[in-house]
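*Asks:* If you want the building blocks of each chain, they are given just below.
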Amino acid sequence: MATGSNEAELSGIQFFGKMSASISHEIKNVLAVINENAGLLEDICFMADRGKPIDTPRLKKIAGDVKDQVRRADRIVTAMSRFAHSPDELCTTTDLCELTALLGLLAMRFAAIRGVAIQTLAPSAPVLVTTFPFWLLNMLWICLDCAMTAAGPGKTIEMVAEKTTEGGLLRFRKLEPANAASVACIALDRLSALPRMLNATIAADSTKTELVVWLPHGPPAE
Amino acid sequence: MTEKVLIVDDDKALLNIMSERMRNRGMEVTTTASPVEALQIVETEAFDAIILDLMMPEMGGIEAFQRIKERNPELQIIFLTGHPSVSTGVDAMKLGAVDFIPKPVDLNELTEKIKQAKVSRAILVEKQEQARLKKALIDKSR
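Protein sequence lines correspond, in order, to chains W and B.
So the working numbering is basically just the index in the first sequence, starting at one, shifted up by 18.
Once you know that position 99 of the second sequence is 79 in the working numbering, the rest is easy, because the numbers rise by one and skip nothing.
Quick caveat, the hints were computed from the structure, so don't treat them as lab data.
A quick note: this is a predicted structure, and the numbers were derived from the prediction, not measured.
Hints are supplied without guarantee of correctness; some may be wrong.
Reference excerpt, derived from the structure (chain B facing chain W, CB under 7 Å, subset only) [claimed, not checked]:
| id | residue |
| --- | --- |
| 1 | A(-7) |
| 2 | L(-6) |
| 3 | N4 |
| 4 | G6 |
| 5 | G62 |
| 6 | H63 |
| 7 | K83 |
| 8 | L87 |
Going by beta-carbon spacing under 10 Å, a handful of chain B positions derived as facing chain W [stated by the list, open to error]:
| id | residue |
| --- | --- |
| 9 | I(-3) |
| 10 | E0 |
| 11 | M35 |
| 12 | E38 |
| 13 | G40 |
| 14 | E43 |
| 15 | L60 |
| 16 | T61 |
| 17 | V78 |
| 18 | P84 |
Every residue gets a Cβ at the ideal spot worked out from N, C-alpha and C, and that includes glycine.
All chains, please: the whole structure from these sequences, using the hints.
*Replies:* This is the structure we're talking about:
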């Protein structure tokens, strides 16, 4: 995954590690609940062997709870798989809306820990950009991470992708009023070589409540 | 005597099922998904052991641990975590946690730890009582 930039490569490795650790934590939580349900079934069998009648509705509830956890695990693993495949093609045409939705899933636990909700609002048509999808995800994660530290009173960050004449953009909305400019500065400082590598522009919008990432349609310079 | 336990974890599905199984084993269990609420609960109720998840919204497990210990040093806290890292466990033990149990939990192992915590707490409370009595006698003899 050569990018020609040590800073970007280091950032990418850190990003991959952070997301992988978070996903493994989430899977551990699901396994813990499934494990407790299996344990409860063992407890019920143990009591039944000693004459306690089996409570069928309770068994149905356990089956339902296990299915819920399997669905939860499936969502986590599907996101993990999409994330793991994001560096497969170094540079490709990708839908910014899909990438943003994936980012929302990956960031869910980080947001919950901070008491922030993330909403992803997508337009009806895809917003296609030719870019490095993994590095773009990395850059958007850093922007979202910075935006979450400055979430406004509703403690919700909205991510909205839009088509532009030059390509596409992503807005991180509902920041604390007047904080967007400082969030942009912090993000740019943390992003280091990534915006240059992706030909991206990052700035606060005129209302000062949004951080905006502009992306060209064409491929970034390699 | 039954063990009185407080479980603090933001995963409500886990809280419900763990508490049910622990109650089936004769324990008296209180649960909360909020570490902030846990701080309020321990102000008014005594527990033999507190099972505390390491990563939670509102307040991390380490911070909750420190705040509980500040006010109730005798409370015995067992960390629970989905973070499979030895270093995190070592950090928790250095702070004075009774133990560190990775998820998924082995309930038999956890039950043993809770029983040990109950004994440790009883010894600590006894020592505190003896120290209080000794101080009262010294004060009286002056």
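*Asks:* A separate judgement is required for each hint: does it hold in the structure or not?
*Replies:* Do the hints match the structure? See the list:
| no. | hint | result |
| --- | --- | --- |
| 1 | A(-7) | holds, 5 Å |
| 2 | L(-6) | holds, 5 Å |
| 3 | N4 | holds, 5 Å |
| 4 | G6 | violated, 12 Å |
| 5 | G62 | holds, 3 Å |
| 6 | H63 | holds, 6 Å |
| 7 | K83 | holds, 4 Å |
| 8 | L87 | holds, 6 Å |
| 9 | I(-3) | holds, 4 Å |
| 10 | E0 | holds, 7 Å |
| 11 | M35 | holds, 6 Å |
| 12 | E38 | holds, 6 Å |
| 13 | G40 | holds, 8 Å |
| 14 | E43 | violated, 12 Å |
| 15 | L60 | holds, 8 Å |
| 16 | T61 | holds, 8 Å |
| 17 | V78 | violated, 19 Å |
| 18 | P84 | holds, 4 Å |
The structure fails hints 4, 14 and 17 (numbered hints given earlier, in ascending order).
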